[in-house]
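**Q** Here is what each chain is made of, one letter per residue.
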Amino acid sequence: MRFVELLGSLIIGFTRGVGSVFLLFAESLKEMLLPPYEIKNTSRQVLEVGIKSVPVVIITAVFTGMVLALQTFTGFKRFGAEALVGTVVSLSITREMGPVLTGLVVAGRAGAAMAAELGTMRVTEQIDALETLATSPVKYLIVPRFVASVIVLPALTVIADMLGILGGYAVAVWLYGMSSALYWHRAWNYLEVRDIFGGLAKAAFFGAGIAIVCCHEGFYTEGGAEGVGKATTGAVVISFMTILISDYFLTAWFLK
Amino acid sequence: MIEIKDLHKAFGAHQVLRGVDLQVQDGQSVVVIGGSGSGKSVLMKHIIGLLRPDKGSVLIDGVDIAKLDAKHLYEARKKFGMLFQGAALFDSMTVWENVSFVLLRSGMRAAEAKQVAIEKLRLVGLTDVEDLMPAELSGGMRKRVGLARAIAHQPQILLYDEPTTGIDPIMADAINDLIIKMREELLVTSVTITHDMHSAYKIADRIAFLYDGRIVETGTPDEIRNTSNPLTRQFITGSAQGPIRIEGLSA
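Those sequence lines, one after another, are chains E and P.
Last residue of the first sequence: number 256 in the working numbering, and the count goes up by one each step with no gaps.
Last residue of the second sequence: number 507 in the working numbering, and the count goes up by one each step with no gaps.
Because the hints were derived from the structure by calculation, they are not lab data.
None of the values given here were measured: they were computed from a predicted structure.
Backbone N, C-alpha and C define an ideal beta-carbon position, used for all residues, glycine too.
Misleading hints may appear alongside valid ones.
[What the hints assert, rightly or not] DSSO-like, lysine-lysine: derived pairs with alpha carbons at most 30 Å apart:
{"id": "1", "chain 1": "E", "residue 1": "40", "chain 2": "P", "residue 2": "335"}
{"id": "2", "chain 1": "P", "residue 1": "370", "chain 2": "E", "residue 2": "40"}
{"id": "3", "chain 1": "P", "residue 1": "437", "chain 2": "E", "residue 2": "30"}
{"id": "4", "chain 1": "P", "residue 1": "335", "chain 2": "P", "residue 2": "437"}
{"id": "5", "chain 1": "E", "residue 1": "30", "chain 2": "P", "residue 2": "458"}
{"id": "6", "chain 1": "P", "residue 1": "334", "chain 2": "P", "residue 2": "323"}
{"id": "7", "chain 1": "E", "residue 1": "40", "chain 2": "P", "residue 2": "334"}
{"id": "8", "chain 1": "P", "residue 1": "437", "chain 2": "P", "residue 2": "458"}
{"id": "9", "chain 1": "E", "residue 1": "230", "chain 2": "P", "residue 2": "301"}
{"id": "10", "chain 1": "E", "residue 1": "30", "chain 2": "P", "residue 2": "334"}
{"id": "11", "chain 1": "P", "residue 1": "323", "chain 2": "E", "residue 2": "30"}
[What the hints assert, rightly or not] On the chain P side, residues computed to face chain E include the following (Cβ under 7 Å):
{"id": "12", "residue": "261"}
{"id": "13", "residue": "335"}
{"id": "14", "residue": "344"}
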């Protein structure tokens, strides 16, 4: 009986949480479409979420490309297919690693900051204050973060794609002495436009997911400083799960 | 005029308000007193439409605030200014941007809005703070900036949530003087919630005692001071002994 009770309350809690996220999402979409538009706040968020994430994204992408080339070169050498390094790197990066790693980096960096900032504003009554000052907090706080994330994630993914492939180049050509022409030939020849755009579409989806999940956690924070801590942890964990799980289903859908 | 009729509100199984009736005439200063957790803040949040009643209504100049759609609710909120307990200043903005928040959002030019902010800050006794960040201010200064922000858009009703809590007694009395000054100079209606009796006697035209989810007694400061109601008596004299029991403590 205890087990059934526990299972039931877990399922109810989960369903309620998901429902609450979708309600906030619907309200954000509504507020996003209604004027006035929060252009100044949105550009500030593009800076916060996007521009300031560039260094981390660069380091992540370069080293991922490098380690992919390293693994593929040594692994594929066993059956004499090391010439395919360029293809493996370009396909893996554009289709998977670029969008997913960018999503995880942004969730850890900017998503955590969103939850902490909104959570602090909630527990110090700044969100109530916005309401009393005739301003919708969803419009003022959540919509700019949502729009910025949806724009910025694909842009960061483009950077990650390019630098990941360059990282692979560095290892394959400079370290293993592969011919530069062969690397590029293999990297480009089997790469299709839809690989890149599929990756960017996933990135945009991750951007939306991160913003709404992290804002939701922050917006409904309860219980002071401890609550803000919990909201931030929750935001990062749920964002990571959202990215990794939705990645599988989006990929399966795109490949159909 | 604010009319609260038979207001009920519960959070889960916890019934907080059990039928509150209260009227505030234009230009009047009503102070709601009550213990911690008695539902004072919940009552105030209903007045400005942050919470919706389970039963009963809050009428502002005859309009039921809970029945307004989002757009009209935000319009109606411009009648109000609210001073929060912790001031609730936006810590990502300077003092003057906080004060002029509504003005800037309704399209006033920055230079002009800053002038208004400086003027409002002077009204609450602050000068040369407009370019500071809220984190650089003391508790009393933060409250005064919060008050300047609450009056910047010239509201007709001011709500004060524990205005004297958490600051020293001299600063608290300065805040009391400011509340009186706001009513006299700006002719606003004000509702204050507090458990500071000194403050209540000083700023109130009428005092209402909230206990167990209902208004137990209302009266002028003198009537409350000389009340024969044992509940009110115990609260205003601040005694742990009496009909009001503190949970977990046996008298």
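**Q** Hinted pair, alpha-carbon criterion (30 Å max): residue 230/E, residue 301/P. Please report holds or violated.
**A** holds, 26 Å
**Q** Does residue 437/P sit within 30 Å of residue 335/P, going by the straight-line distance between their CA atoms?
**A** Holds - the C-alpha atoms of residue 437/P and residue 335/P are around 19 Å apart, at most 30 Å.
**Q** Would you check whether residue 335/P satisfies its interface hint, that is, whether its CB is within less than 7 Å of any CB in chain E?
**A** For residue 335/P, the interface hint is violated, since the closest Cβ of chain E sits about 10 Å away, which is over 7 Å.
**Q** Are the Cα positions of residue 30/E and residue 334/P separated by 30 Å at most?
**A** Since the Cα atoms of residue 30/E and residue 334/P sit roughly 22 Å apart, the hinted pair holds (cutoff 30 Å).
**Q** Are the Cα positions of residue 334/P and residue 323/P separated by 30 Å at most?
**A** holds, 17 Å
**Q** Regarding the pair residue 437/P and residue 458/P, is the alpha-carbon distance no greater than 30 Å?
**A** holds, 12 Å
**Q** Is residue 437/P within 30 Å of residue 30/E, Cα to Cα?
**A** violated, 42 Å
**Q** Mind checking the alpha carbons of residue 370/P and residue 40/E for me, to see if they're no more than 30 Å apart?
**A** Distance ~18 Å between residue 370/P and residue 40/E Cα, so the pair holds.
**Q** Check the hint pairing residue 323/P with residue 30/E against an upper bound of 30 Å on the C-alpha distance.
**A** The given pair, whose Cα atoms are some 20 Å apart, holds under the 30 Å limit.
**Q** Quick one, are residue 40/E and residue 335/P close enough, alpha carbons at most 30 Å?
**A** holds, 27 Å
**Q** Hinted pair, alpha-carbon criterion (30 Å max): residue 30/E, residue 458/P. Please report holds or violated.
**A** With Cα atoms ~46 Å apart, residue 30/E and residue 458/P exceed 30 Å; violated.
**Q** Would you settle whether the hint for residue 261/P is holds or violated, based on the nearest Cβ-Cβ distance to chain E being less than 7 Å?
**A** Result: violated, 22 Å to nearest chain E Cβ.
Checked against the numbered hints listed earlier, the structure breaks hints 3, 5, 12 and 13; every other hint is satisfied.
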